Amino acid sequence: MEKRVTFSRWTIGILFAVPQLFLIFTFFYWPAGQAVYWSLTLQQPWGGGNIWVGLDNFRSILSNADYWNSITASLIFAAISTGLAMFIALVLAALTDRQLAGSWLYRVVLIWPYGIAAPALALAFRFILAPEAGFMAVVNQVWPGFWDPGLDGTDAMASIIVAFSWKYVGYNFIFFLAAFQAIPRSLIEAAAMDGSGVLRRFWDIQFPLITPTIFFLLVINITESFQDSFGIVDIMTSGGPANATNLMVYKIYSDGFKGLDYSGAAAQSIILMVLIVALTIVQFRFIERRVHYR
Amino acid sequence: MVERTPFLNFFTHLILFVGFVFCVAPFAIVAVAASHNLKDVNDVPMSLLPGSDFWVNIKTAWVTADLGPKLLNSFIMAFGVAAGKVIISALTAFSIVYFRYPGRMLIFWLIFITLMLPLEVRIVPTYAVVANVLEPYQTILDLTGLSWLIEKVSGVRVALSLGLLNSYSGLILPLVATATGTFLYRQFFLTVPDELTEAARMDGAGPLRFFIDVLLPLSRNNMAALGTIMFLWAWNQYLWPLLITTDQSHAMAVTELKQLIPNVGGAPEWHIAMAGTLIIMLPPMIVVVLMQRWFVRGLIATEK
Chain F
979 MEKRVTFSRW TIGILFAVPQ LFLIFTFFYW PAGQAVYWSL TLQQPWGGGN
1029 IWVGLDNFRS ILSNADYWNS ITASLIFAAI STGLAMFIAL VLAALTDRQL
1079 AGSWLYRVVL IWPYGIAAPA LALAFRFILA PEAGFMAVVN QVWPGFWDPG
1129 LDGTDAMASI IVAFSWKYVG YNFIFFLAAF QAIPRSLIEA AAMDGSGVLR
1179 RFWDIQFPLI TPTIFFLLVI NITESFQDSF GIVDIMTSGG PANATNLMVY
1229 KIYSDGFKGL DYSGAAAQSI ILMVLIVALT IVQFRFIERR VHYR
Chain Y
181 MVERTPFLNF FTHLILFVGF VFCVAPFAIV AVAASHNLKD VNDVPMSLLP
231 GSDFWVNIKT AWVTADLGPK LLNSFIMAFG VAAGKVIISA LTAFSIVYFR
281 YPGRMLIFWL IFITLMLPLE VRIVPTYAVV ANVLEPYQTI LDLTGLSWLI
331 EKVSGVRVAL SLGLLNSYSG LILPLVATAT GTFLYRQFFL TVPDELTEAA
381 RMDGAGPLRF FIDVLLPLSR NNMAALGTIM FLWAWNQYLW PLLITTDQSH
431 AMAVTELKQL IPNVGGAPEW HIAMAGTLII MLPPMIVVVL MQRWFVRGLI
481 ATEK
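One line per chain: the protein sequences are F and Y, in this order.
Heads up, the first sequence is in this note's numbering, so the first residue is 979 and it goes up one at a time.
Heads up, the second sequence is in this note's numbering, so the first residue is 181 and it goes up one at a time.
It is possible that some hints are incorrect.
List time: in silico EDC-like cross-link candidates among lysine to aspartate or glutamate, alpha-carbon distance up to 16 Å [to be verified]:
(1) K981(F) / E375(Y)
(2) K981(F) / D374(Y)
(3) K981(F) / E378(Y)
(4) K332(Y) / E315(Y)
(5) K219(Y) / E1110(F)
(6) K332(Y) / D322(Y)
(7) K239(Y) / E449(Y)
In case anyone wonders, no lab produced these hints; they're calculated from the structure.
Note that the coordinates shown come from a computational prediction; the quantities given were computed from them, not determined experimentally.
Just chain F, same shape as in the assembly (with noise of 0.2 Å):
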């Protein structure tokens, strides 16, 4: 998608840019750049420098069955928690721009969520729910043993997803809605005349009309997948129980600062970095080719 007219002056085009392009350089590009050269070097114990030692912690890593547990962890994350909190959101955005009487309330309230800080929520869904208090202990009483995200990987992963979903339902929904409401009401009522009913409208005009918000949201959503899980995980399970919600992030996080393994956290930064790239390029061929600019 391109401009017809633009400005021919194209020095000054160039200076607006160069704020931007100084942080990046700055905070992203050099710092991603030294992830590459920590990546392909390691540390000596005692100082003195960075010794070469080519792809050997890519190998180590890519060897490593907690790592590869890792990666599964977060797609299996990214897809679910996008995929749940986008389809919720849509649905509620869809139905509050029917405009009916009330609606103002949900149009209101469905995005509170989205204020919250991931970790505030998580330490609320925590105490939610916590085995021993709070509501599940209830399911708890009725099934004994039935829900423990401190021994269950698999509650502990749902545990997780639902926390970060309820935000980003909360997100999405402002953006549908906004979307939804950016058509012109003289389209809907134009199709109705035609005799097109609600859902043939949904999916012929009021869709097709929204694709770029759909785009924008699902770029957004897998990555913050990526990134906003971190607090999640940290307050709900610190990557536990036997890692089954070691997120890469917070991988990265506990070798690196914590086992301070700089060269192999550099590696998997590395990793996840082409990982989300690729994923974004992909995006970009495939899905914005169908995406209708106004």
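Based on these hints, arrange chain Y on the given structure of chain F.
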């Protein structure tokens, strides 16, 4: 509403109401739990009627986690990030959308990739850069031999060093250095009709004038929306402040949450934990409620 659909309307209300309950329940549970005493909060099932210890618990949580100065720190950082993002993203998006210069697509992708790689991913090396923010430039000077040249010519040894650990700029700048806002502005600028640009150019306006007098006023809503979103995002940052503020005087409110997790083994003080959670979630909640209109209005496209 266009036509009468009583059956569908019923389900609309039903589904929305269920969504409403799921959305509000956690807030209600946190608030109620924060008002119980140690025994009641650990009852199974916990009573949903508020207890009487609300203010006592709030005070205990406030003192335990020393929340006063930490909330102030969070405010300063969140404002800084929001302002930085709103300004810098607008400039960049303008450059990318309205100019056609060699390497423009390269710049677009350079910036765009930052959106894909959040701070959390490159946390270890970014930490190293913030410890001495001029290190990249020093290294470049060393590698290109410029620092040797400067030393020869002027006799001054170049040793650039500026540590930003435990400082507001160290907290704020790396968080500004991503593309979130640029993406949002770009999407918006692309919807601005070309005729406006043509008209402005025909009236003799240069790029700067067009940017300030046409584009910025048009994107006022976008700015409010972006500012709000970024404020919340920055307030809710966790991992970065956790690493960068080793000094308690710069600690953020959100990072204090970890100290409120009840210890395994001891008496689980969930009432205090929930009171602290409530305090820390309150400021962003207020922002969401007050700025709500800006979200929706700002993100709505131009027509209607």
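Hint check:
This hinted pair checks out: K981(F) and E375(Y) have alpha carbons roughly 11 Å apart, not beyond 16 Å. For the suggested pair K981(F) and D374(Y), the alpha carbons sit about 7 Å apart, so the restraint of at most 16 Å is met. Proposed proximity of K981(F) and E378(Y) is supported: the alpha carbons are some 11 Å apart, at most 16 Å. Using a Cα cut-off of 16 Å, the hinted pair K332(Y) and E315(Y) is violated, with the two alpha carbons roughly 21 Å apart.
Of the supplied pair hints, the one linking K219(Y) and E1110(F) holds, its CA atoms being roughly 13 Å apart against a limit of 16 Å. The straight-line distance between the Cα atoms of K332(Y) and D322(Y) is roughly 13 Å, inside the 16 Å bound, and the hint therefore holds. For the hint linking K239(Y) to E449(Y), the alpha-carbon distance of about 14 Å falls within 16 Å, and the restraint holds.
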